[in-house]
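Peer 1: Each chain is listed here by its residues.
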Amino acid sequence: MNFWERLYLPAIFQGMGITFKHMFKKKETIFYPEFEREFSENWRGMHSLKRDEEGRERCTACGLCALSCPAEAITMIAAERQKGEETLYREEKYAAVYEINMLRCIFCGLCEEACPKEAIYLDGPIVPADYLRKDFIYGKDKLVEESMKVQQN
Amino acid sequence: MELAFIIEKFGLILVIFLVSLTIAAYSTLAERKIAGFLQDRVGPNRAGPGGMFQPLADGLKMFFKEEIIPTDSSKALFILGPSLALFTSFLGSAVIPWGQDVEIFGRQVSLQITDINVGILYIFGVVSLGVYGIMIGGWASNNKFSLMGAVRAASQSISYEIPMGLSIIALLMLTNTLSMKEIAEQQHGFNWNVFYQPVGFLIFLICSFAETNRTPFDLPECETELVGGYHTEYSGFKMGAFMFAEYLNMFLASAVMSTLYFGGYNYPGMDFVNELLGPLFGPLIGMGVLILKIFAFIFLFMWVRWTVPRFRYDQLMNLGWKILIPLAIANIVITGIVITLIDKL
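Chain order of the listed sequences is A and D. Using this note's numbering, read the first sequence as starting at 1 and increasing by one per residue. Using this note's numbering, read the second sequence as starting at 154 and increasing by one per residue.
These are computed hints drawn from the structure, not numbers from a lab. Possibly wrong hints are sitting among the right ones.
What the hints assert, rightly or not - Here are the simulated EDC-like pairs of lysine to aspartate or glutamate, each with C-alpha atoms no more than 16 Å apart in a straight line:
id : chain 1 : residue 1 : chain 2 : residue 2
1  : D       : 186       : A       : 53
2  : A       : 25        : D       : 219
3  : A       : 21        : D       : 193
4  : A       : 27        : D       : 268
5  : A       : 26        : D       : 193
Quantities reported herein were computed from a predicted structural model and do not represent experimental measurements.
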């Protein structure tokens with residue numbers, strides 16, 4: 001190193017010049033709750049349980065999604081469709097309880113691929129933060145898509 | 154002593170106390186904001202408009218946190234450490250001349266709490282006391298990381314006080330006085346000491362960084378090696394007191410540098426402004442100028458912190474003993490020769 005380099009001060013001033021320039025650069029921050037980053041088309045977010053064209057739940061509680069889930073985040077309890085419920089459930093067997101633990105879920109999308117009825121898709125928004133662990137277990141009230149009638153109104 | 158004098162001094166003390174508290178509190182916000190800006194971020198912006206109430210939120214959080222005193226620590230010293238650090242960092246601002254004398258209700262009021270004739274020595278004494286807070290706190294924690302931080306703080310402080318004092322001697326050869334007020338008056342207008350003592354100022358600046366434990370000299374709290382350094386075991390408000398003391402020290406160091414080298418409340422064209430605005434508002438403008446200079450120095454402290462990486466410990470000692478002290482002595486000799494030559498010619 002020559003004398004000029006051994007002084008270190010020129011190098012420090014150079015570095016300070018670089019940081020000072022960055023003060024006036026465009027900030028990359030996205031103000032998350034108000035604005036959202038643009039996601040790619042195959043981005044996987046919160047799950048939604050789909051309905052068919054007549055507004056009936058597609059899920060038949062076969063349990064393939066729970067079986068395929070590597071994080072063991074999905075549990076369900078199946079029930080038999082009663083007379084008069086044909087407008088609610090498409091198949092003769094349906095999921096009475098369907099729960100996904102969002103803290104366990106790794107958003108791999110294997111449930112989506114395993115589903116033979118095209119009933120579950122990870123096409124929702126970012127799963128929001130919460131304070132209690134129990135609030136991260138999402139039941140059918142949060143997962144099932146809104147029925148056609150509600151959507152139309 | 155007359156009553157008006159007591160009221161006047163008490164008011165001044167109160168104002169300076171509150172102002173330095175506010176500036177120290179908002180320095181924490183400024184630090185985070187500037188860190189953000191220098192890294193293409195925006196910094197805290199949720200508490201109030203532009204994050205204006207962030208210091209309040211931080212302060213409240215500090216108050217409500219649980220205070221943990223380690224079982225094996227010596228409790229009295231554990232509490233004394235941060236108290237002393239905070240206390241000594243308030244003391245220094247007593248001798249800073251904040252402006253020229255103002256005239257209120259026909260009385261000449263000095264904008265300096267006390268003009269002792271050894272003002273600079275007083276500041277040096279108070280600044281050296283500050284390290285006792287860190288040492289006592291680090292030792293009382295009964296934790297090896299705290300102890301290492303405390304030892305580092307002590308040795309660093311001793312090493313850098315020597316070049317700091319030597320750089321001041323060259324300045325005192327020019328000013329022929331130790332009183333802060335007279336030094337400020339001598340720099341009337343644009344006759345600032347930094348033009349006569351640039352090397353002295355550079356040494357003083359580097360030593361100020363070391364004395365206030367700011368990056369690149371923040372080895373006492375070096376988090377990559379020592380967890381948190383001397384405040385590893387501290388939590389809640391005692392931790393806050395250490396943080397606050399650091400920012401107050403930064404404010405004081407900026408004020409001292411502005412007063413000694415950058416003309417304090419003096420600015421070019423001040424006579425004209427003083428005649429225009431009268432004996433009350435003219436000096437207040439000068440006070441504003443001093444505050445602006447202090448802010449500029451505080452910005453410099455933060456700018457350097459977010460640019461320069463931390464020294465290694467041997468580099469720190471080499472810089473202090475092998476470079477800054479010889480440089481400061483050379484500065485004294487050259488200043489002496491130049492003063493003698495000018496006197497003879």
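Peer 1: Now, for every hint given, state plainly whether the structure supports it.
Peer 2: Quick rundown of the hints versus the structure:
no., hint, verdict
1, D:186 to A:53, "violated, 53 Å"
2, A:25 to D:219, "violated, 41 Å"
3, A:21 to D:193, "holds, 10 Å"
4, A:27 to D:268, "violated, 47 Å"
5, A:26 to D:193, "holds, 7 Å"
Of the numbered hints given earlier, the model fails hints 1, 2 and 4; all others are met.
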